[in-house]
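Enquirer: Sequence:
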Amino acid sequence: MLHRLIQLLSSKFKLRDLGAVHYFLGIEVQSTGMGLMLRQHKYILNILTRAGMASCKPVDTPVSSSKAILLSDNSFFDPTWFHQIMGTL
1 MLHRLIQLLS SKFKLRDLGA VHYFLGIEVQ STGMGLMLRQ HKYILNILTR
51 AGMASCKPVD TPVSSSKAIL LSDNSFFDPT WFHQIMGTL
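Using this note's numbering, you'd call the opening residue of the sequence shown number 1 and step up by one each time.
Simulated from the structure, these hints should not be mistaken for laboratory data.
From the three backbone atoms N, C-alpha and C, an ideal C-beta is built for every residue, glycine too.
Each hint should be verified, as a subset may be incorrect.
Unchecked claim - Quick list of simulated restraints, FRET-style, between CB atoms: (1) Asp60 with Phe13: 44 to 50 Å; (2) Asp17 with Thr80: 28 to 34 Å; (3) Lys57 with Lys14: 26 to 32 Å; (4) Ile6 with Arg50: 34 to 40 Å; (5) Gly33 with Ser66: 42 to 48 Å; (6) Val63 with Leu5: 45 to 51 Å; (7) Lys57 with Asp17: 39 to 45 Å; (8) Leu2 with Gly52: 23 to 29 Å.
With the hints as extra help, turn the sequences into a complete structure.
Expert: Okay, here's the thing in structure tokens:
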């Protein structure tokens with residue numbers, strides 16, 4: 001059935017069968033006995049590296065519990081830094 005689909009698509013579009021997918025649009029694809037496992041490990045590491053947080057330890061709460069957040073602190077309301085790290089979506 002898969003070969004028939006590829007034939008049908010290739011009759012309408014120019015395409016090449018590249019075989020099994022491993023990485024597609026920032027998503028890692030791993031074939032398991034139960035199906036496909038999708039991960040974004042590389043994408044997340046890239047974001048953490050760009051944010052200078054690649055060596056940070058993981059925590060349950062991603063906000064410091066020892067430092068008070070003040071409403072007068074405008075850094076939380078300026079989206080520029082977040083846009084630079086995440087890119088425009």
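Enquirer: Going through the earlier hints one by one, which of them does the structure break, listed in rising order?
Expert: Going through the list in order, the structure violates hints 2, 3, 8 and respects the others.
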